[in-house]
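Peer 1: Work out the full structure: start from the sequences and follow the hints.
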Amino acid sequence: MKKLKIKLIKIAKNLKVSILKSAPSMAVIFTVLTMLGLISALLSLSGAETSITPFKLKYTNDWIILFFILSLLITSATFVTLSIKKKGLNKFVNYFGSYITVMTLADVVGLLMLQSERKVSTDTVVRMVKLTYGYNIFVIVMCVFGIVWGIYLTRDNLNITNWWFIAVCLPYFPVLYQAAVTIAGLQTLTGYSDYSPKIVKIIVNMNRYGDINLINQSFYYIMSYSIIALIFMLGGKIIVFVYFKTKEGIKKIQEKIK
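Residue numbers (this note's numbering): 1 to 258.
Among the clues, some could well be false.
[Stated by the list, open to error] In silico EDC-like links for lysine to aspartate or glutamate, alpha-carbon gap of 20 Å or less: (1) LYS198 x ASP123; (2) LYS119 x ASP211; (3) LYS87 x ASP156.
Since the hints were made in silico from the structure, they are not lab data.
All figures in this text were calculated on a predicted structure; none of them were measured in a lab.
Peer 2: Written out as structure tokens, the structure reads:
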């Protein structure tokens with residue numbers, strides 16, 4: 001009976017140790033799932049009602065968008081400041097930081113282009129078409145700049161593998177694709193023989209939720225990409241922090257058990 005008791009105590013102790021050893025990994029998994037849940041929640045809100053511009057702060061989505069805009073601005077400003085001061089940012093931060101900064105600049109320009117009223121005039125339609133062309137060309141230029149900047153900041157990785165160039169380009173591909181789609185869509189729209197800014201004006205004004213800003217789809221996609229990149233960058237830092245803190249805590253508990 002005594003031997004059985006000792007054996008059971010030993011099994012329980014080994015089980016406790018194995019659980020403690022897996023705790024850091026479990027903490028990381030929980031953090032990753034939380035991040036994915038946050039992204040899913042944001043995507044589910046994309047269909048919810050919003051104002052024509054987030055600055056009206058009329059709906060919950062307006063506040064959420066404004067919160068992320070401010071977060072992106074603060075993150076970008078901090079990253080640029082630390083880069084200029086050469087504070088020795090790691091490759092992970094340089095990779096995401098350069099992308100977020102470039103995309104945030106595109107977000108700001110896009111926000112400044114937004115029309116604040118649903119009712120539009122013919123001149124407004126003409127202006128928005130021109131601005132949308134200009135904006136998407138600007139986005140393409142910024143993507144090229146972002147790729148060059150990202151490669152420069154993480155250039156040491158090119159000594160490890162030339163495939164790093166593709167890794168830096170990867171987050172810019174969806175942005176470039178969307179800019180190309182928006183430009184092609186505008187060319188198709190304005191290329192019709194019966195196209196008229198007056199007809200577009202009538203269609204927009206007839207709809208209660210008409211929004212001429214939707215002509216520039218790229219802006220909304222780019223803002224989404226910026227927010228997702230921000231969540232991944234901050235989430236990555238949180239994952240590392242949670243892992244090492246959990247590991248440190250488990251080590252102390254194991255020492256007490258021994």
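Peer 1: All the hints need checking, so say for each whether the structure fits it.
Peer 2: Results for each hint:
no.: 1; hint: LYS198 x ASP123; in the structure: holds (9 Å)
no.: 2; hint: LYS119 x ASP211; in the structure: holds (8 Å)
no.: 3; hint: LYS87 x ASP156; in the structure: holds (17 Å)
In this structure, none of the earlier numbered hints is contradicted; all agree with it.
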